[in-house]
Every structure is written in structure tokens, then in C-alpha cells.
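Peer 1: Letter by letter, the chains look like this.
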Amino acid sequence: MKVVAIGCDKSGYPAVLRTLEGGCTPQLEVDVRGVSCLGVVRESLLLEILEGDASYILLAGCPLDSCHNLEGSRFAKARAERVNALLDEAEVDKRVVLAFVTADKTSPIRDALARCVDEKDRVT
Amino acid sequence: MQLSHDIVVIGSGVSGLSVARGLYNQGLDVLVVERNDTVGGTAWSLGCKATHECLSCGICRVVEQKRELESQGFPGTLKKNTGISTVEREGNGFFIKTEKEEFRARCIVVATGIEPYPAEQAANLGFGTYPGVFSGIDLERELNEKGLEACAAFERVAFIQCVGSRSFKEKRGYCSQVCCCYALRLCENLKYRFPEMQIDMYYMDLQLLGEKKDTLKRIARERVELFRHLPFRIERVDGEDEISPLLLRFEDPEKVTRSRYDAVVLSVGMIPSSGTRDIARKLQLTQDTNGFIKNLGGGKTSAPGIFVTGGAWGPTDVQGCLRDAAVTSETILVSLREGKT
Amino acid sequence: MIVGERKPIREILELLGDNTTVLVVGCGSCVTVCLSGGEREARELASILRIRGQSAREVTVERQCEKEFLLPLEKEIEPVQAVVSLACGIGVQAMSEMFSSHRVFPGLNTTFMGMPVEQGLWEEYCSGCGECVVHKYGGVCPVTRCAKSLFNGPCGGSQAGLCEVKPDRDCAWQLIYDRLKSQNRVEELLQVQPPKDWSFSRSGGHRKMSREDMLL
Amino acid sequence: MRALIMTHHEVPLLERWCRDKERTRNADIRICSEKQLSTQGRGAWDVVVVVGGSLSLTRENVSESCARFGWNPLRVFTFPLDESLIPRGDTWLPRWEIFFQGVLAAKNGVPDVKAHRLTPSSKVKVISHPDTERKEVEDIITGMRQKKLDVSLADGDWRIIREGVNYRFITSDREEIVGAIVIVPQVEERFFLHVPDQIIDTRRLVTLHEFSDKMKRYNFRRQRIAFLVPSPTTPPRQWEQVFSLSEKLCKRDCAQVMVLCAETVVAGEGLEESYRRSRQAGTLYEKTDLTRAVFQETIDMRGIQVSFRTERDGVEQTLLFDWLISVPEQVIQPFDISNRFESDKILTPFSRPANSNLPPYSIHCQGMFLISPFSTLAERDELASGLQKYLADCVIAEEGRVEVDEEKCILCLTCMRTCPWGAVDVEGKLKRRKARVNWQICRLCGLCASSCPAEAITIAGFPAGNGDTVSVISCGGEVS
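Residue numbers (the numbering used here), protein chains in the order written: chain F, -10 to 113; chain Z, 844 to 1184; chain H, 93 to 308; chain X, 407 to 886.
Just so you know, these hints were derived from the structure itself, not from any lab. The hints are all genuine.
Derived EDC-like pairs (lysine to aspartate or glutamate); straight-line CA-CA distance at most 16 Å:
no., chain 1, residue 1, chain 2, residue 2
1, X, Lys441, X, Glu416
2, Z, Lys989, F, Glu10
3, X, Lys795, Z, Glu1173
4, X, Lys554, Z, Glu1173
5, Z, Lys1137, X, Glu675
6, H, Lys300, H, Glu223
7, Z, Lys1034, Z, Glu1065
8, Z, Lys1060, X, Glu735
9, F, Lys109, F, Asp42
10, X, Lys620, X, Asp728
11, X, Lys441, Z, Glu913
12, Z, Lys1034, Z, Glu1068
13, F, Lys66, Z, Glu896
14, Z, Lys1056, X, Glu735
So the derived label-pair ranges between C-beta atoms look like this:
no., chain 1, residue 1, chain 2, residue 2, range
15, X, Thr613, Z, Thr1132, 32 to 40 Å
16, Z, Asp872, X, Gly806, 39 to 47 Å
17, F, Leu17, X, Gly834, 49 to 57 Å
18, X, Lys622, Z, Lys1012, 31 to 39 Å
19, Z, Thr1129, X, Arg698, 46 to 54 Å
20, Z, Phe938, X, Lys622, 47 to 55 Å
21, F, Asp77, Z, Ser888, 40 to 48 Å
22, F, Asn73, X, Arg494, 31 to 39 Å
23, H, His298, F, Asn73, 36 to 44 Å
According to the in silico footprint, chain F covers these stretches of chain X (three or more CB under 8 Å from chain F):
no., region
24, 757 to 764
25, 853 to 859
Glycine included, every Cβ here is placed at the ideal spot set by N, Cα and C.
Sequences are here, hints too, so could you generate the full structure?
Peer 2: In C-alpha cells, the structure reads:
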């Protein structure tokens, strides 16, 4: 199962790298991409990535009200919810998952990846 | 080899590093002496307590400091695993001797900080004897890597406040200022992760401080059951197996009440770290009744030329340390400029 | 500006039925500003269709209500079985006229002529009644913004200034009264307005407007 | 192809790999550490690769080195020092090599972007709300002047226009360029308790501030006094006064003092000690929910009866007091200068966002700070050092990276409303007006580009989402 992890410069990207240093579960292939802030990621970009073979997208960014760009995470949350609603309507079982972290907090990312794996096993 | 530095900072915790950064940027020659082999002291080991919302616990200031260390390099030189053995005054500077070498300095900054109160010493609260008793600081330390997985199986958790502080009997008559805040943030994290968990909090007075005090008030009111009552003893429910629930006994004048919990978290307060006590003895600095080094205002101590910053003169949180570091480095610059140290 | 709301994806999929090759056509003016039918939304819909296995392409023209802009689509539409137009109703009909050989499905429910009250929120301000009298009501149109289109005073059922029919909307007459009060022209409301001649509005039949000097 | 690799750490795999000419398609590669950079760093490199820990590779750090050494930020690629191997076909290649192949293959012909170090002017202007106490504002200014900051107070009617990194301060007689602005808002002392008007007429309900002045002049021999502290989040500063006043009242005037509060806050230096002394002096502390208390004035209007339910044992008590002292909570009012700040964006009143990642005391407009008139000395020192750091550190901005496409922009103003830093305004007077991003204020967060419905704003090097791939690296150039 492939997961694309998009991390924001200040918190998400370093945190995802640190999680992967610790080695993640074998049946998971995580492709890490860094963006300057989670607010940069458009819905069309998320859908385009989901057209590939990735079955989940993990958006790792700063907590909602302490984003370095004030509203980046809030935008990302709204867009993720909209894309999930679109995918629901289209009965596609791919999802966008959010994790709010600071640079060296890896537990939310590990939780999010574990939830992705459980959901995928439950569906297949 | 005899080296002379402008400033020697003892302790490389959050306050030590920010004073070093402040003075290094002003072009002074700074030496940071650290007792054990990792930089960072208490604050660096703590975890960020944000759920999807930030609870402004200040740990991202620690992340900012780590980031500065990585991109701008260490402010001055760092000596790890070196303890100070003797300090003598010499002219208007100091002659410092450690196990391995000695060096001169014009000023000394004591930034040895605070450490959590060892929960074992809490009288009959069962830390160490019963598996279900945690200390608040241990939960916090695992927050970054493991998260709160350890508490997955519990349904009823009790938080006991003011463990090891606010008791004049044991010569610790001060409020550690941080434990109510971090306990409420831990409760928010627990309820966020395990919504059906029932949390009770036993406390004397809630100290709601910092930027997000209204959020803390909302947490205290909605997410936690409050009891203004400190338990007397923790026991095991007798006759049951290893992981049976714990029992909190309360000595009321009329009757003894008991309540059962799966786990108990002791919100341990902050005490002067062993380094602070040891340095205060070696530098003969006057201490206040609770063992902290006395701060005569702006970081000055009883001995001219020696300054104190951060947790060493009073329990405080990360933001308080950074604010205090700015004040102390300002006083040092002024005193250095006027030539009298 | 004309405001439209995207149809639910399930409905669009039912419309398409088993047509596999689809062309999604976005419109670059009003529906882009109201974030429901522009270039990005076209690409999103195309991605969704591609994820579901149908081959979909998207293209966006400046304005779908101009025949000249639709001409270049000629060769794009040829190989395609179905076309989904994300423009307002006008664009869908213009496309159907131009490419009558193909079936053009609307991807949008065109709703009203609206104003962006704040970022991301549009409210109906005009329903095109054909005979504008908004100046008599301090610039608040009772025909559109009052649920019962009353001309001679409020219906009296509003609570706390909110409309009785749709409680999340302000009562138009409350706004009219406040506005006129602030301009102290309230007594103008005392004049009784005659019944409105609705023949100029939609209920008077299909309407047309022309400028003789501009006719070629 | 001339490549420069900057790394803090010795990376053996990297050195061995760079000398292997065949692998690097005989690119001229030079590796140097940060110290040697000042000598070798300058010059037009085709490609610059920054290798470092994942924490230091933020966009701001990279553009700072671009400004210092004159690199084009789009030709700078960052790599987080990862020597692991990943499968490619049947062989296992170091992740580093795949990254560098991508870097060599990255498309050139990128727009010419320059990073600048902009130093704001060293003048600071203090704006205060008309009815904030003059004395507090003067204290703040003298505190800052001690820190050698060039501070002046704005009086009379003034207007502000944003000018790149600075602000243009226009008053009736002259204009001034100012680097930073400190706002002192009005702080409303709100007593969150509904007290009927008759009680207020008795003039026996006084605020803490007034009472401490009264203490100097009057003696409260044998009087019954109650401190009312309804909110549990009353700051320790107020409690310090409550403890010292109550102790003095008991000792000096042997008055009967009671404190009705939700929580007693003792988290401060020496507060526990003064709390203990105040209790030993005879003050009674009763925890109750004051919002349910009932106040009733006596017939002779000289006393007030308070009936409340104690939290300890839930007993309903009614006590008569001669004086009631309200300990209000200080609420900072949002500061509205929308009619004096000329900008296309409709400004909401300024208030300090509860965002712990913003520099202390700063608000979303760069170079603007906000501090409460009742701030402690330590808070004012922290603001002063924050100001010095802002004015000395110079702002790093990248010119030519964000551009708005003229044909596509339909002036829907979404970008202007979305930009958190207020860096977008409308440009052009005549026919073709479009949005313009002021590069000196822009923090390259990308929110405008991602929320533009017509996708008219493109930021070079960021994932545009129209077909080209997402950059593997957090900033700098574009690599598949």
C-alpha cells in the first residue's frame, strides 16, 4: 500500500522524516514530499496524486491555530474534508488523512499511518 | 591549557542556551559547561502537547532553539560531561577549575534550572510499588515518540495535583506554577485520544496561567471532574490479581472514603535541580528557604559577577525561561559595559 | 454575478451513465468567481472521473455564453461520447446549440444572481423582476430579499430581526427600516405602493432585450 | 554544469560519490562546509545543493543563505542528509544518488529570482488608544528608550501607508518612515458579575485599584470587607495586591476580611508565602461560585448583604459587609485603525492571535507589535529585545518569485482576502487592473496561489498542481 506524505516545511516534513528514520511498518511505502506550507496544497493537486497508485495522502502540518503562516493548516483541513466528501460521493475508498505535529512529535504521524493500514485491511 | 572567556554559562538547558545565544550574538566569547552528555536539560525532554489545537505549552520554542542550533551552529564553545569543582575570585574575574582543566572568566551565569520532584519520595502514594501509578513528567516525556499508548486500556484515571510542592512541612512552601497547566493539557490529550475515558482531578487550587488560560478553564470545567481534596494514601484492592484497580483513601474527619481507579497520575512539581544545589554550595550563593538561588532583580545574585537565570531562581515554564534569559543577558551586557562585574 | 452550485457527484455519474470518454468544460467568468465551475473545479471533476476509471479530459473557455469561444472546442468534442458543462444554464444551452450532435449534461445547478457577502458566502440580491424600485426601500430589494416579496411593510412574523420563513436570513424589512431610519426617511414608507405589474418579470413570459442601433 | 554542495557534516558516501565522474555525468562539483562558504560561495553556480539536518532546511534559512551568497533560490535544492538505500529496479541505489540525478535533470531556464536582505528603518512609532492612561504609555516608551530604541509617540491625527518593509507615517505637518510600530490598545477592566444598580449607588463596591488608593488615606477600623474574585483566570499580579491588602487590613485596622473566589492563584514568586501570611493574619478564604451570589443593599445604604453557597459544604450563607472590593479581569480590546491604515484590504481590528509560533507580542502585520498597558516589566523587556532583534535581523524577501498572470486574473479579490500577511493589493489604474503581490512583505506561504479560483498566481518552484510534479524538496527548485 502506497501513502504519499506531504509535510509542511516547519513542522510536518521534519516530523515525517523522523518517523521514517524509526522505520515504519513493512507493508507501507511512504513517499515524502515537502511543501513550504500545507496551505499550498490544492484540491486538484490532491486528486491528481490520488490518480496514481497512492491509496492515502497524509498531510502533516502545524496545529490548527499555531501555523507559521496563520491559516495554512486551517486551509488544508477544509480542503482535505472537501476532497474526502468528493471521494465519498464517488464511492472511491481513497482518503486524505491529516496529522497535526511539531517538528519532533512523531506519535500523531505513526497513529495516522496505523489507522490507514487498519482501514485498508478492513476494506479489502 | 588556560583559556579566558568573557562568560561561562553553567548548564545548557533552555535558559542557558538562550542566554548564550543572546550574548554570543553581541560578540562575547561564551563557554557553556554541561554536566551530563546531552544538551537541553529538562525542557528538551518534554513533549509537545498539542491535539489538533495548540495549547501553548511553549515546547515549540524548544524546537525553534534546536533549529537554531542546527542552522547557526552552537553559540560559543560547549564542554560536556564537565562539572565545576572550585571557583575562586581573581581580580575582577573568576578562576574556575573543573576535573580536567581550568579557565578564567569575567562573568558566570548559573542556568542549572529545575528538575521534576522524584515521585518515589511522595509519602505512601504508591509510585514504584504499584504499576498503575505514573508521574505526569514521565507521561510527558513519552508524548513525542510513543504518544499516550500506555493509557489505552484505562477507563478511570485520577490526577493528583501538588505532589511535592505547596507543603511548608517539607520546606517546599511554593507553587511550582507548571503542574496544573501540564496536568490539564495531559487531560485534554487523553480525552482527545480516548474520548470515553473518565478523568478525575484532585487539587488544592487550579493555577490557570499562560496564553491559553481560557482554554485551560474550559478543559477544567468540561473535560475533567474536579475534587478540591488531596488523597491520603493509594492501596491495591486486596485479594485481586496483579493489575487490579488502585484505591484512593481519603482521611475525612468523620469517615474514610475510597474511590477506585485504573491508573493514577501524580502531577509532580518542580524542585531545584541537583546541579543548582551543588553550584549554590560551591559558589556560596544565598538561597531562599526553598533551595532556589536568590535573585536580587534582573538576574543578579548575592555574589557580584555571578548571575542566575531561568529555573535556578524559581520554578517557571519555557516561556518564562526565555523571557528571563533576555532580562539576564541585558543586565550582564550593562554590567560588562560599565566595567564593574 | 450569476451564482451556481455543483451537482452532487453521484447525480453527475448517473447522468453520464455508461459513457466512458467524457469532456469536462469549465467556464472562466461568473462560475469561476463563485468557485463552483471554473478551471480548478473542472480539473477536480475530471480527476474524480479518471480515478473511477473513465477517461476524462478537461478544458476551460473564457465564457461559455459566447459562441465564438465555443468554436475551438469543435475538434475536442469530436472523439468524446458525453460532455459535462460546468457553466451556468446559459452556457449549457449554448453548448447544446453549437454541438447538437452530442449530449451536453449540466454539471451545475444555477441558482441566483448573488453578491459575495463575505469570502466564500453568496446571497441572492436580485431576482430580475424587470421594474426596479429598490430606491424606495433604502437600497434593500423587498422582492428578492423578503421571502414573501411584500411591498407595504413587514409580515410581522420575524423574530430578532430574522426571517420567519428561513430563520438564518435577515428579515428584509428589518434592514429596510434600519437603513431608512439611519437616513431618517422612515416616513416615506407610509405611502402605499400600488400592486406590482408582474408582466415585466419572468411570470410575464420569456423576455428579450435589444439595442436597435447595435443590431447588425 | 557547475554544482556546489554545502554541508555542515562530513558525508563520506557523498564525497566518494561526487568524485565518481561517470555517475555525476562529469559535472564540476565542489563540496564545502559553511565556514569556507564565505570565500568560495559567491559566483553563478548552475546548481547549489544544501545538505543538512531536516530541522535547518526551512525555506527561510535557505533564502537567507541565498541572500548572503547571491544564489538564485530556484537553483538551490535541499537534501535532509539521508544515506538510506531504496530499491530501483533490481539494484539498491542510495537515495542521495537518485536525488542528485533529479537535480541534474531539473529543468533550467527558471525565472531570475533574487533574494534580498531588507533592513527596516530603525525608528519605532508607538500608537496608543486615546483613552489608555498616558502614564502607562509613557512608562513603555521610557522602558524602550533605555534599550536605545529610537521611539516616538504618535499624537494628533495620523495615517499609515505600507511602504515595502517599512511604514510611511503621515501627520498633518510631516511624513516619516518608520521600521516598526508598537500598538498599546485599550484594556477594559471588566467585572464579570451582574450587580444591581442600587448596589452601585451605595458606592460601597469599589475596584481593587480605587481601594488601594483609599487604603493610603482612610482607616478601616473594625469594618467588614469582602474581596470578590469571580474569575478563576485572574492573573497572579492582581492576587499579589489582594494578599498584601488583606494582610494589611487585618493587621493595621483589625478589620474582618473575607475573600470570595473561585480559585486562589499562588503561582508567582513568593505568592504562596504572602497567601500564608494573609491567612495567618485572619483573612477568611471561601471558595464559591460568585455568579450565583445574590447582592442586597441594607436599608440605610451603608452595607451590602451577600448570600452565596460555599463550595466546601454547600451551605447557603448570608453575610453583611461594609465594603465590597471587585477584582476585575483585564480584557484587551481589539485595536481598530482601519480608517487610518490605507490598504485595499478591509482591515479587521488588530488583536494578538493566540498563535505561539508568531514572534512574541507581534501581530499578523509584519513589523507591528501589540502590548497591553498593564504589562509587567519583564514583558516590556521581552518586547524591547524582540524589537531590537527584528530591526537588526533584516527581513529576507525574494523578488520575482511570485507573479500574477494578467490574462487569467479576474480580480475576484480572493487572494487579497486570503493572504494572512496583507501582502496583496490591486495594481494598475486604467483598463487592465489585476492583483499584485508585494514581494517585500510576501512570506511565500502559497495560500494565495492555492486559493486563486482562476489559478492566475504562480509561485516559481512550488507545486502548481497543473501537471508538473510536486517538488521532492521542501523549497528551491522542482524535481520529479
